[in-house]
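Given chain A, work out where chains Z and R should sit, using these hints.
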Amino acid sequence: MSRPIQLRQDETFVLNLGPQHPATHGVLRVKLTMDGEYIVKAEPVLGYIHRMHEKMAEGGSFAQFMPNTARMDYLHALAFNHGWALVVEKAAGIEVPERAEYIRVITVELNRIASHLLWWAAFLLDLGGFTPLLYAFDDREKIIDLLERVTGSRLTYCYMRFGGVYNDIDDEFITGTREFITRLRGRMPRLYHDLVTHNIILIKRIKDIGIISAEQCRRYGATGPVARGSGIDYDVRKNEPYSVYPEFDFDVPVFHECDSMARYMVRMHEMEQSMRIIEQALDKLPGGPVMGKAPKVLKPEAGYYYSAVETARGSLGHRLVCDGGKNPYKLKLRSPTFSNLSLYGEVAEGMLLADALAFMGSLDLVIPEIDR
Amino acid sequence: MALLNRTQVALAELLPVQAVAADEAKEAPPREPGVLVTDPARHGSHLDVLCRPDQVVDVARVMDREGYFLEAIAGVDWLERGQMEVIYDYNRLGGEHCRVMVRVCVPRDQPSLPTITGVFPAADWHERETFDFYGVRFQGHPNLIRILLPEDADFHPLRKDYKP
Amino acid sequence: METSLWRALLYLVGIMAFAGLNAAYLGWCERKGAARIQRRIGPCEAGYAGLAQPLADGIKLLSKQLVVPQGVDGILFRVAPVLAMIPAITSMAVIPFSENIGARAMELSVLLLFSLASIGMMAVLLGGWASGNKYAIISAARAVSQNLAYEIPMLVTTITVVMITNSMDLRQIALDQQGGFWHWNLFRLENGHFLTMWISFIIFFICSVAETNRAPFDMAEAESELVAGFMTEYGSMGFGLFMMGEYLNIVVGACLTATLFLGGWGCPFGLIPGVWWFLLKIYLLIFTFIWIRWTYPRTQIYRLLNLSWKILIPFSLANLLVTAALIKVF
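Residue numbers (the numbering used here), protein chains in the order written: chain A, 1 to 372; chain Z, 1 to 164; chain R, 1 to 330.
Quick caveat, the hints were computed from the structure, so don't treat them as lab data.
Heads up, a few of these hints could be off.
Computed Cβ-Cβ distance ranges for the label pairs, DEER-style [as the list claims (entries may be wrong)]:
#1 A/Arg178 x Z/Gln139: 38 to 46 Å
#2 R/Ile311 x Z/Asp154: 42 to 50 Å
#3 R/Tyr25 x A/Glu247: 56 to 64 Å
#4 A/Arg178 x R/Glu45: 49 to 57 Å
#5 A/Gly325 x Z/Arg137: 27 to 35 Å
When the alpha-carbon atoms are kept at most 30 Å apart in a straight line, the in silico BS3-like pairs for lysine-lysine are as follows [what the hints assert, rightly or not]:
#6 R/Lys134 x A/Lys204
#7 A/Lys326 x Z/Lys163
#8 A/Lys31 x Z/Lys160
#9 A/Lys238 x A/Lys207
#10 A/Lys207 x R/Lys310
#11 Z/Lys163 x A/Lys55
#12 A/Lys55 x A/Lys326
#13 A/Lys142 x A/Lys238
#14 Z/Lys160 x A/Lys55
#15 A/Lys55 x A/Lys142
#16 R/Lys310 x A/Lys204
#17 A/Lys284 x A/Lys299
#18 R/Lys134 x A/Lys31
#19 A/Lys284 x A/Lys326
#20 R/Lys134 x R/Lys60
#21 A/Lys207 x R/Lys134
Just a few of them, taken from the derived set where beta-carbon distance is under 8 Å, the chain R residues facing chain A [claimed, not checked]:
#22 Arg36
#23 Arg40
#24 Lys134
#25 Glu223
#26 Ile301
#27 Leu305
Note that the Cβ used here is the ideal one computed from N, Cα and C, for glycine as well.
Just chain A, with the same shape it has in the complex:
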């Protein structure tokens, strides 16, 4: 990519990318100051799908907020379920049976694969490749069917409860999950890597595009695959283990190239790691109940609580402040893409429009999660 030609200030124009634009995958608006096809300044404008979930949390009981969590990151809804369950269990001191912990991990990881598959499909769509979308949706459909069996819904799950999960998994789910893993492992090399990852056009499109340094990640608080693509070995599942993750043997893929290709590779490798976790969890799955003892009405002690989980997009934090009442006094959701997107303006400066959109795709944005 050559350097942008220097033109006078008055030769720029403003291009409103969104709120309805095919590449933003939702209602994100980016106000671009353009110099021809070069971006002089990029300024994301948020809030088009803001629903004030934090106020809703204050208005209801702890349990009443559970369905809301799935409405934020609809692609990795179970991780949001899990994060909310964890922080409330931490505050109220609720124990979770081991089987329920395993089931949580299995379903969350399945959901993570589904989320990465959809990201992959949408990213390729951003780059103008249509066919991979259908291949990825084919596989994702299998996951959604599996999760529908146990959770009862296909996208916006409300599966976790304080003290366990709502429904036990059955043998059909277990065999189905194993079959799915075999199937995805079989399809991965040819349909995903041979057709797309090793495609010269794709490599040229995303290699050395959207370089984010590790220091930039730290200053902007970027986490998840974005940070791991910049050489930062940070995964909440490893660094701040929760649930039963310490019991599994899995790697955190880290790439040091800092470009869109590195983020792409991180996600592709993460799918394999999630499959490893699911296999181990299915092997070790203990018996017992899936719901522990939890009081009907939760009244956690007054205080400050924080809990983080690793969603497909990065670290999701819940900052919960309790005053001893039946409702959360204050809930702050630290959604990963909010921070990941905040570095967009700095990195996209000087990029070509098409490169900036490829870069945006590599950040894996889910707008309802940013706007909350």
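For chains Z and R alone, coordinates are given in the frame of chain A:
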């Protein structure tokens, strides 16, 4: 735990370390400014730092020097106490794990704080969000406008006395 | 006089029918082809195997209002889609479908085709410009620079063919290649042209993909970047005409490729030459277009231009020299 100690030493320049038992942190009335060690298994963070409003930037500089990143900024409206609390959550990206919660209380009727965008650019959007929801004015913020609510909104919905 | 008038009318109707059928049914073929590649079924509701789908789409597009938004250049905005169709249909007049089927054999038909293709690109420029939409203008600018870049190697490689066959008449070029595939320009044995002509063919094919604005070179309507490019503001039949124009350009491109390199209507083994061979060849080429589109992601505008200016043009020029040398030596 080396990191935890180092952070405590670094913060000791600004704030006294309090030898109060962790459980007392949950008491509703705020303590005196100071650093408190809390149980991460119980509260999720290793250090609970309460600082004065004028120390926010200094604390942020210390955290930056020690290699932390800013996770989020949250506001809390204590209607009965007439205070607005702002919570800064710091965390480490990889390596040894340590979470630091920095709290600061400002009067509720005129909430105002210095900005830390000069230290952490991440604070830009988080401060705008806190302004959006609570009306906390961050002095020196380059672009303190609404972020999630419509630009012509004239209310701060997360204040406890807000009636839609 | 009488017969020639009838002949002209007949060809007019025939070409219109051929163009119309292709414009309508290539859309169907594209959808079916994409569906097969993507493990779907594709259109299947309207008629047998969805064959009535183009009809339904056509009726839908015709019955919609042509919205002319505020702030557009009204005349240009309306003219542009028409301008996209006319050159494509006009091009058909000089294409020799077989030895005896061909509306008009012209001595400079190759030149005419290229001029018409350039006029076709004007439609994109005017449509984008008249829309007054920023995406459309970016798209129009892209289309012009892309077309400019790819016309050069395309013309240069065509010159190699013209040198070999000593004619700029498409009919003559096709006649020159009759009698088996070893006479085709692509595999031509005499003078050892097969040594260089495959390079010409590849360059020509890449250029024709780029000239017709097809993926992976569909910069002008890159929908994930420019929404729909120059077609952003078009609805109803304005959009329909652009789409049909695009398909017709593909047909013309395939016809040109088949005539210049693949022996026109000739059979690979010298048996029963005729229009069927010609149609077989162009539809195989069109299938390749579809195949490529649904396999590859889109490239980048600067890479596209680099490919032309830095690789295709030098190669085509070198190729021209070598071809000239081969003619001189033998």
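Do the hints match the structure? See the list:
no., hint, verdict
1, A/Arg178 x Z/Gln139: 38 to 46 Å, "58 Å, violated"
2, R/Ile311 x Z/Asp154: 42 to 50 Å, "60 Å, violated"
3, R/Tyr25 x A/Glu247: 56 to 64 Å, "60 Å, holds"
4, A/Arg178 x R/Glu45: 49 to 57 Å, "37 Å, violated"
5, A/Gly325 x Z/Arg137: 27 to 35 Å, "29 Å, holds"
6, R/Lys134 x A/Lys204, "27 Å, holds"
7, A/Lys326 x Z/Lys163, "20 Å, holds"
8, A/Lys31 x Z/Lys160, "33 Å, violated"
9, A/Lys238 x A/Lys207, "28 Å, holds"
10, A/Lys207 x R/Lys310, "20 Å, holds"
11, Z/Lys163 x A/Lys55, "11 Å, holds"
12, A/Lys55 x A/Lys326, "15 Å, holds"
13, A/Lys142 x A/Lys238, "28 Å, holds"
14, Z/Lys160 x A/Lys55, "10 Å, holds"
15, A/Lys55 x A/Lys142, "36 Å, violated"
16, R/Lys310 x A/Lys204, "16 Å, holds"
17, A/Lys284 x A/Lys299, "34 Å, violated"
18, R/Lys134 x A/Lys31, "13 Å, holds"
19, A/Lys284 x A/Lys326, "37 Å, violated"
20, R/Lys134 x R/Lys60, "28 Å, holds"
21, A/Lys207 x R/Lys134, "28 Å, holds"
22, Arg36, "11 Å, violated"
23, Arg40, "6 Å, holds"
24, Lys134, "5 Å, holds"
25, Glu223, "5 Å, holds"
26, Ile301, "6 Å, holds"
27, Leu305, "11 Å, violated"
Checked against the numbered hints given earlier, the structure breaks hints 1, 2, 4, 8, 15, 17, 19, 22 and 27 and satisfies all the rest.
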